[in-house]
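Chemist: Here are the chains, one letter per residue:
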Amino acid sequence: MNKISEIAKCVVDETQLPSARLGPRFGRLDLQSRLALLAVASLQADFEKFSGDRIGICLAASAGSLTTDLNFWKSRKETGGPSPTLFAYTLPSAAIGEIAIHFKLTGPNLCFVGDGKNLFAEATDMISCGEIDACVCVFCEIVSPGLAEMISVPAVAKASAAFLARESNHFSTVPGNSP
Amino acid sequence: MDAAMQVSTRELKQKIIESLKLQDITPDQIDDEAPLFGTGLGLDSIDALELVVLLEKEYGIVIKDIEEGRPAFRSVKTLAEFIAAKRAA
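Chains as they are written, first to last, in the working numbering: chain Z, 747 to 925; chain H, 167 to 255.
Pulled out of the complex, with its shape left as it was, chain H reads as follows (with noise of 0.2 Å):
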């Protein structure tokens, strides 16, 4: 894949803890690998409509089947390889 269509996930994390407005939460303590959602992160349904709204804004990325994004929400490295396929696409 070409080197500027990947994402990094420090920056992808970066915009995560500023979108859901995590409090305390750096993105050092979060795994790459972690689930985003129940536990890991332990996000919950609004963030994920929040995470569809940031993928919109920050990547012009517009998931219309919430089929398609449920893999890409499991971690950040999954979210990250889904915008940059779909950066490559």
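If we strip away everything but chain Z, and leave its shape as in the complex, we get (with noise of 0.2 Å):
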């Protein structure tokens, strides 16, 4: 059994979005699925070194996708009804579809509602059980001003990604990436 290593991990926050160029589509997307989609791409791995289904994608969203249910409850009212966009964003799991039809992953996924600590483990567990051979993680902390004064927490909009991956011939770990 070859090791499992992360080979890279970033993090990123709403400040970064502006400068993001991934396609005329990404303004569609609500801030979860744009964050975790940049924090994916700022991973810089070079997922074409694996075959698109054998790369897995795990997420965890600390909020669910409260912040956008929240924002399509409020536009509910408006004339024409609420943006039929913002409608597709109400699951947690939208920023997977995201992730996958951008980089062309087509492997299983997980998506866990909650802190992210056990993302790790189950991407491992993928791995180690030779379901895919990679697996991208990815951390949302999505939580509005709004939603915040509504559930007294603090206001926070960030990702952190990670790419697993069994170290093996066809695969080089990135320089300063290391773990």
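The set of hints was computed from the structure by calculation and includes no laboratory data.
Every residue gets a Cβ at the ideal spot worked out from N, C-alpha and C, and that includes glycine.
Errors might be hidden in some of the hints.
Below 16 Å or equal to it, Euclidean Cα-Cα: the simulated EDC-like pairs (lysine to aspartate or glutamate) are [unchecked claim]:
| hint | chain 1 | residue 1 | chain 2 | residue 2 |
| --- | --- | --- | --- | --- |
| 1 | H | Lys-223 | H | Glu-233 |
| 2 | H | Lys-243 | H | Asp-190 |
| 3 | H | Lys-252 | H | Asp-231 |
| 4 | Z | Lys-823 | H | Glu-222 |
| 5 | H | Lys-223 | H | Asp-198 |
| 6 | H | Lys-223 | Z | Glu-824 |
Covered stretches of chain Z (in silico footprint by chain H; criterion: 3 or more residues with CB under 8 Å from a CB of chain H, positions within the stretch not fixed) [as the list claims (entries may be wrong)]:
| hint | region |
| --- | --- |
| 7 | 766–774 |
| 8 | 826–833 |
With the hints as a guide, bring both chains together as one complex.
Modeler: And the structure:
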């Protein structure tokens, strides 16, 4: 059994979004999906070294999709109704879909609502049992000021990502990011 | 048709860009006659729903029958013509 390593990791926050260039449809995504996608892009991992169906995605969202749910609920009385696009993001797992589409990753995925403490264990487990060769792990902490006021927690908007993979001959570690 | 009923394709394109949050695309880059969906601007089914909402919010036009709206959503030009026709009706 080859060793499983954390190949790359990064953290991004809301201030980095305006300069992000991840395709013409990036602006359509909700905040959680934009940050998650930017975090994964910032890993600069060479996903093409793997077959797309051998890369999994594990995502944890500390507050689920509550920030987007709240925005959707607030917009329900607007003329024409709330935004259909916003509706598509009222699922905590929506960011997984965006990551999968953007990076053409078709392996299995898992979504957790809550902290990210299980992410690495689940990713490692999927790799160890041979289900996948690598896994993108993303932890999103998105609490808008409006939601923060409602649930009495600090507002936050950031996402962290890591790329775990089984070491093998077709794989080289990224300098400066090896564990 | 009364000039007041006409809809500027440039104005419509700007509204589409804002409504669909299209990044790094200007009205000048959108061909009036290019398909909105699939090829051309490459919009999808969620964008179609967003355009339906746009018509109601910006022009007060409610599309109840999707078959009625389908020909209008071919291009910016057909959409502008549809809006003008609805305003004139």
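Chemist: Identify every previously stated hint that the structure contradicts and give their numbers, smallest first.
Modeler: 1, 2, 5
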